[in-house]
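Engineer: Below are the chains, spelled out letter by letter.
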Amino acid sequence: MASAANANLNAVRETMDVLLEISRLLNTGLDMESLSICVRLCEQGINPEALSAVIKELRKASESLKASENCTN
Amino acid sequence: SSSITELLSALCDCSLSGVSWKRRALGGVSRESFHRALKKRAYGALLSNLFQDGTKGPAPGLSATANTPPRNKVLMICFDLRVAGCREEAERLEEQLGRLPEGGYSGLKEVDAVLDLLVNLAGSAPPPPTSF
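These protein sequences, in sequence, are chains A and B. First residue of the first sequence: 1, per our numbering; consecutive thereafter. First residue of the second sequence: 1, per our numbering; consecutive thereafter.
Extracted from the complex, chain B is given alone in its bound form (with noise of 0.2 Å):
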C-alpha cells in the first residue's frame, strides 16, 4: 500500500492528464514546476480543513447534515432528484446504494467515507454532453 504523500501525488497526475507539455515546455512551464504546485495546492486545501475541526462545534456555514450518515445523504439525494422529475436517476442510485455492501463484506474498510466523499463531490463535474 502507497503512503499518503504518493497517494497525493498521483491525484495531482491524474488531474494533469489531457495538459500538452511539450508546448508549455518552450514557455518555461514544465511538468515537474507544475506538478509541484499542484501538490502545494492540495496540501493546502488538506490541512486548512483538517485544522477546522475544532472542539468549538460546528464551523460557520457547515451544514445541518454534517452528522448524518452518507447512506441517508444518498438517499436524501435520491429524494432531491425524485423532486427534480428525475425518477430514472433517483431508482438507478437507490438500486447501486442497495448493491453496496455494509462495512466488512464489502473488502473496504472505509465505504461509508469514500461514500460521504462522493457525495461531497456531487454534481460538482460538468454535466455529461447531450446526445442527440
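For reference, chain A alone in the conformation it holds in the complex (with noise of 0.2 Å):
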C-alpha cells in the first residue's frame, strides 16, 4: 500500500518536472509554485483556456502595480 502510494508520488513527481521544462520551453512564465497550483485548479475542472485568462489578467495587474512602484522611484 505504502509502495503504491510512493510510486504515484515518483510518477506526480516526474511528470511535473517535464511539464515545468515543457513550460520554460514554451515561455510561459510559470514558476513551478504556479505551475503546481494550475495543476491542482485543471483537477478541479477549471478550463485551461479560462485560466490561461486568469493568469494573463493577474500579471496585467502586478505588472501595472510594479510599473507604477518603478514610476514613484
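Read the hints as simulated data drawn from the structure, not as lab findings. No residue lacks a Cβ here, since even glycine has one placed at the ideal position from N, Cα and C. Errors might be hidden in some of the hints.
[Stated by the list, open to error] Listed below are several chain A residues computed to face chain B (Cβ distance under 7 Å; list not exhaustive):
hint : residue
1    : V12
2    : L26
3    : M32
4    : E33
5    : V39
6    : L41
7    : L58
8    : S64
9    : L65
[To be verified] When the alpha-carbon atoms are kept at most 20 Å apart in a straight line, the in silico EDC-like pairs for lysine to aspartate or glutamate are as follows:
hint : chain 1 : residue 1 : chain 2 : residue 2
10   : B       : K109      : A       : D17
11   : B       : K39       : A       : E33
12   : A       : K66       : B       : D13
13   : B       : K40       : A       : E57
14   : A       : K60       : B       : D13
15   : B       : K39       : A       : E49
16   : B       : K40       : A       : E21
Two independent chains are provided; combine them into the complex using the hints.
Structural biologist: Pasting the structure below:
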C-alpha cells in the first residue's frame, strides 16, 4: 500500500518536472509554485483556456503595480 | 487538497511576489486591498471565459485548433520552431513531450488540460535575458 503511494508520488514528481521544462521551453512565465497551483486547478475541473485568461489578467495587474512602483522610485 | 477559492487566492499571492509593500502602505495601498482587487479581476476573467461556452458553436475568433488534442498543438509549435530556425528548442520540446506519460501513468488526472494551459500561455512571458 505504502509502496503504491510512493510510486504514485514519484510519478507525480517526474510529471511535474517534465511539465515545468515544457513550460520553460514554451516561455509561459510560470514557476514551479504557480505551475503546481495551476495543475491543481485543472484537476478541480477549471477550463485551461479560462485559467490562462486569469493568469494573463493577474500578470497585467501586477505589472501595472510594479510599473507604478518604478515611477515613484 | 485545496478548494478552487483557496487555489485562486494562492495564484494571486504568487503574482504579488517581488512587490515592495512597506513603501506602498505609506501611499494607502495595502497588500490586502490589492490582493482583494486581484481576486476580483481573477474571478472576472474566469467567469467571463466560462460563460462564453455557449451551445451556438465556436465563438468568433476561436482558432481552428480549438478541438486539436494538446499534444498535437505542442507538436505544431515544434514545427513552427523548426521553421523559425530554432531546431534545438524544437527537439528539446519534442523530447520532453515524449517523456510525458499518458493519463493515469503520470500520477495526475488532467495532464492534457495542463498541457493545453501551457500552450495557451506559450510566449506570454517576456523572453529570457540573453547572456553575453
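Engineer: Take the hints in turn and mark each one as holding or not.
Structural biologist: Status of each hint after checking the structure:
no.	hint	verdict
1	V12	holds (4 Å)
2	L26	holds (4 Å)
3	M32	violated (10 Å)
4	E33	holds (6 Å)
5	V39	holds (5 Å)
6	L41	holds (5 Å)
7	L58	holds (4 Å)
8	S64	violated (11 Å)
9	L65	holds (6 Å)
10	B/K109 <-> A/D17	holds (16 Å)
11	B/K39 <-> A/E33	holds (18 Å)
12	A/K66 <-> B/D13	holds (14 Å)
13	B/K40 <-> A/E57	holds (11 Å)
14	A/K60 <-> B/D13	holds (14 Å)
15	B/K39 <-> A/E49	holds (18 Å)
16	B/K40 <-> A/E21	violated (31 Å)
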